[in-house]
Structure formats: C-alpha cells, structure tokens
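Q: What follows is each chain in one-letter form.
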Amino acid sequence: MDFNDPMLALSSWIGQIGDFGLDLVWRFIHIVVTLWHIVSGIFESVESYAISLGLIQKYSSIDIEKLKCLAVVVDIEAARDVSKVIELLQWLTTIGVKQVGLFDSQGLLKKSKDMILEMVPRSVLLQETGEKHISPDRIALEFISSSDNKEAVVKAANILLEKYLKSIHPENGVGENVFTESHLNEALRVVGESVHVPDLLLVYGPVRSHLGFPAWRLRYTEIVHMGSLKYMRYGSLLKAIHKFTGVRQNYGV
Amino acid sequence: VKSFITGSGSFPTFASLNSQLRILVLSLLPSTISDPKNLGTVLHFIYLSSGEGMGGGIRQLLEQVHRLSRRSLFRVLSMGPLPTHLAFIMDGNRRYAKKRGLEDGSGHKAGFSALMSMLQYCYELGIKYVTVYAFSIDNFRRKPEEVQSLMDLMLEKIKSLLDKESIVHEYGIRVYFIGNLGLLNDQVRAAAEEVMKATAKNSRVVLLVCVAYNSTDEIVQAVKRSCVEKADRDVERIQLVDIEENMQMSVAPEPDILIRSSGETRLSNFLLWQTGNSQLFSPDALWPEIGLRHLVWAILNFQRSHSYLEKKKKQL
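The listed protein sequences correspond, in order, to chains E and B.
Just so you know, we're using the numbering used here here: the first sequence kicks off at 1125 and counts up by one.
Just so you know, we're using the numbering used here here: the second sequence kicks off at 76 and counts up by one.
What the hints contain is simulated information worked out from the structure, not anything from laboratory work.
Certain hints may be false.
Claimed, not checked - Simulated crosslink set (DSS-like; lysine-lysine; CA at most 30 Å straight-line): (1) K389/B with K1274/E; (2) K1208/E with K389/B; (3) K173/B with K1182/E; (4) K174/B with K1367/E; (5) K1182/E with K389/B.
To be verified - If the Cβ cut is set under 8 Å, some of the chain B residues that face chain E in the computed set are: (6) L137; (7) E138; (8) R142; (9) V151; (10) R216; (11) V298; (12) I313; (13) S353.
Stated by the list, open to error - Derived coverage of chain E by chain B (criterion: at least 3 residues anywhere in the stretch with Cβ under 8 Å from a Cβ of chain B; other residues may be distant): (14) 1208-1220; (15) 1275-1289; (16) 1324-1336; (17) 1363-1376.
Glycine included, each C-beta is placed from N, C-alpha and C at the ideal position.
Model the full assembly from the supplied sequences, consistent with the hints where possible.
A: And the structure:
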C-alpha cells in the first residue's frame, strides 16, 4: 500500500496532464473552425454585396412564380427587433414574393402583428379563404408560433376523437376510420390553422434548425440558413431565392 | 536472405511471407550462395511475387494506423459535448450509381457499406442513438422493379443481422424498425420483427431504421392510437403527452443532428415532429461518398452551437 499511493498519485497526475493536453488540442481545433467560418463569412459578404449591386448576371432575373409560399423563421432574440423584420419584408415585397409566413417560437411577432402590417406597404393578413383573392401587387402575411405546431395537432386530434366516438357502432365497438392524412388536414383547417406547405424556409438565427415550425407543413420545404437577422444582406436573400428556383424535386419517386 | 530482406526496409519480413513464399525463398538460397550476384534478382523476384501478400500486410498496417488516428481524433472530440442521437437521410445512391456508370442496384449496395462505416464511427464515438431513413412511403411510387430490388436488398441485409457474428451482437445494438410496417411484404415484415425481438436485450447502442416511414403518417398513426385508447377508456380529451407517447419514435430522444447527404436542403417528410431543436446539415457528398470528415465537421459545428440549442430547449 505504501508503494501504491505514490503510483496512484503519479498515474492520476499523468491522466490530468493528458486530459489538459487533449483539451488544448480540442480548443485549437475549434479556433481553426471559427477562423474558417469568419473567412467564409467574409467571402459571402463580398458576394452578397456584388449581387445587390447587380454585378453578377445570373441573379438579375429570378423566376419568382416558382416561389408560391415563403416562410421565414426568426430566432427569438432577433424577433425582438421588429424593425429588422419589417425591412426584410420590404425587401421581399421588392423581389415580388406573394405570400410570407413569419414564425418565431414564442409568438413575439404575432404580438407585433398590427405594427408590421402597418409598416410594410401593400401588406395584408392572410386569411384562410383569402389566398385566392390576393391582388398581384400585394403581399399576404401570416403569423405563426409554436402553438400552431404541436398544440394545433392536439386540437385537431380532439376533433377526430369526437368524430370517432360519434361513429362507434354500439354492437361491435368499432368506429369508422377517420384517421388518414386528409382527415387530419381537414381537422387542422377547422381548428383555424393554415395548411399551406411553404416551398422555401429561410432561417434567421445562429443555427440551421427549423426551430419548431409547424411539422405538418414542412414535408418538402427547402430549409436554408441565412445567418443572423441583425446582419442580414439583400444579396444573400436573392441568392437563396435564386438557388431555390433551380431545385428539382422528385418527391421520393 | 532474411537479414537482407528486413534490412532494406521496403521488403516484408521473412515471417510475414506466407508459407508458399517462404518455401520459394528457401529453395532459391542455394543459387544465391553459389553466385551472390543472383541475390538481387532473387529479392526482386520475391518482391514482385509477394505482391499480394505484401499488399495485404501493408493494407492491414494502414488500417491499424487509420483506426488509431481515428480513436485519437474521437478522444479529442469527446472533450466537448457529443450528440446523443444522430439521424441520417441516406440520399444519393442512384445518382452515385449513375455517376460511376454502375448498374442500377449497386448504388444502394454501396450505400449500405457507407452506412456500416458510419455506424462504426458512431459506435466508436459513443453515440447512443442512430436513426436512418431507409425507405419512405413515397418511395413505393417508384418503378416496381426498383421497389422490388430494394425490398430484396433490405430482406438480405435484415436477415444478415440475425447471424450470430453480425455487427448487432458484436456491438450490442438494439434495432427498431419504425414506420408503417403493414405496407411491407410479409417476408420483410417478419424478418424485421424477428430482428427486433432478437435484439431486444441489447442496450449499448440503439439503431432505428425507418422503413415505409413518413413523418405525417407517423403523426396520423399516433393520433389514431391515442384516439382508440381514449375511446376504450371512455375519456373524451387527448393531451399532448398522449400523442407524444404514441409516436413510434418515442423510444429515442429527439435527434441532436440530422445529416442529409447529396446537398439537398429539405427533410422529405422525415422526423418533422422531432427535429424542432435539431441542427440540420446537408453535405454535398452523395451517400455512398459520405465519410468520417463529414461526421467530424457536423460534430464540431454541433459543439459550437450546443449551448444555444440547450438554452432553447429549456425555454419551451
């Protein structure tokens, strides 16, 4: 035992040095990754500036007809700065987007709905029946939060439960099959949810994640990370929309 | 001869030559003793003829070096937070086959070996849950021959999991097959159920294979199960926890990272409900081309945004 204690101390000391060394290597690798992100960020800024000046030919005309419904997911911190959101919407109006869904998980944008509708020229609130009546020079806005995601599905499920319970035959205890995707779709409409599937989802936040956007609507949506809202760039927006118009989906076939 | 061979450094040791080559070397000894100038020719001859043996030896050596450097890299990565659950959309097998000019089914076979390497890396890193999107309900709309060959490949691979020496028993993997299994043909479904039963006791790693799966279908099935449960118990209200419990993916926590190969940026109806807090990656490589570097890059970026995602999880 007298011999073991110094050995144990030595081996734990060596272990600590080893861990310290590994930690240093880990931090060094992360510094390199951060540098890479900084450099690629600089390149993107330069490219975006060139695009907004109209210097790059291929972005000068965009086939906006392909983009029927655009969704924008905003990180909560960014959603507090409503002026930036308004500026983004003004850019989208200029580009010619017809329908925009604005999402932030806590519904901060929903609270500022009236201000946004006032400040964005030619904007109108998208109502369920209204989408066919949007005149060409207007932009229809929709405000979404996480209550429109899982909680909405719960509400729709309760509608289906009611239907199911009503349809149970008293003899065999079996109800009709009200559990198909179209039934749930219809139930979500009844609850007041929009079931439009956005073609493109732009994420303004530190991480590329859809941050809880209504799952039912995300099936084939292209999800693009745009960086932070505070430093948003018009050129990057054009580039993302242009790239989307070039995507060809085969829907699993 | 032995000392000449080992001394020069670029030749294999006598011991590493296989028995036939050793006999060859020994039989050539008399001629080298009689005329030492022949030694060079003999050694050159051995070098050429042991091409396969030496190649095999060097390949093994390289593999060991790879494995060791991978282990050290993983040791460094584990200094930061590691994901618990990784999800993969294995996209690009057909494009790979076309790109390489291979015949139609071989893209998927190449994809399967890419999957096995990915699983090995995840196991070595200590990632407990791995989910893969093997076959979507939408894929049933492909040409019947293609669907059939995919089903055959799946049956073959699922059956191979039942072997005693297969990867699932070696690594202690518990396998789940998630999806609308009723849409599969009887053989595949039976094999899948057998594998699930056989691996039910394993607990080191959990592999969730999504076949005949669609996220919207999963949600509808969960709603259906909750409704039938509630109807049986005469309760008139469904809560969120009921639906969450009845989701097939409830056996695993939410994915931390979702990687879709081939550069496409959509989720294609995969884990839509579960990825609210997941980081999404779309490397440009086609699935059979995916490698360690993509996984490491994804994990490094995950480590950078880990604290943000944790904060977000606590907020809701």
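Q: The structure should be examined with respect to each hint, and the outcome stated for every one.
A: Now for the hints, and whether the structure bears them out:
Using a Cα cut-off of 30 Å, the hinted pair K389/B and K1274/E holds, with the two alpha carbons roughly 17 Å apart. For the proposed pair K1208/E and K389/B, the alpha carbon gap of about 26 Å is at most 30 Å, so the pair holds. The straight-line distance between the Cα atoms of K173/B and K1182/E is roughly 28 Å, inside the 30 Å bound, and the hint therefore holds. Annotation: proposed proximity of K174/B to K1367/E holds, straight-line Cα distance about 23 Å (limit 30 Å).
Simply put, K1182/E and K389/B have alpha-carbon atoms about 43 Å apart, too far for the 30 Å limit, and the pair is violated. Checking L137/B against chain E: minimum C-beta separation of about 23 Å lies over 8 Å; hint violated. A hinted interface residue such as E138/B counts as satisfied when its beta carbon comes closer than 8 Å to some beta carbon of chain E; here the least separation is about 24 Å, so the hint is violated. Contact between R142/B and chain E, as hinted, is not supported at the beta carbon level, the nearest pair being about 18 Å apart and thus beyond 8 Å.
Among the interface hints, the one on V151/B holds; its C-beta lies about 5 Å from the nearest C-beta in chain E, closer than the 8 Å criterion. At about 5 Å, the closest approach between the beta carbon of R216/B and any beta carbon in chain E falls short of 8 Å, and the interface hint on this residue holds. For V298/B, the suggested interface contact is upheld, since its CB lies about 4 Å from the closest CB of chain E, less than 8 Å. Hint status for I313/B: holds, given a least beta-carbon distance of 5 Å to chain E, under 8 Å.
Satisfaction of the interface hint for S353/B is found here, the shortest Cβ-Cβ separation to chain E being roughly 6 Å, below the 8 Å cut-off. Counting residues of the stretch 1208-1220 of chain E whose CB lies closer than 8 Å to any CB of chain B gives 0, which falls below the minimum of 3, so the coverage claim is violated. A count of 11 residues in the stretch 1275-1289 of chain E with a Cβ less than 8 Å from any Cβ of chain B is obtained; the coverage claim is therefore met, three being the minimum. Check on the stretch 1324-1336 of chain E: 7 of its residues sit with their Cβ under 8 Å from a Cβ of chain B, so the three-residue criterion for coverage holds.
Under a criterion of three residues with beta carbons nearer than 8 Å to beta carbons of chain B, the stated coverage of the stretch 1363-1376 of chain E is upheld, 4 such residues being counted.
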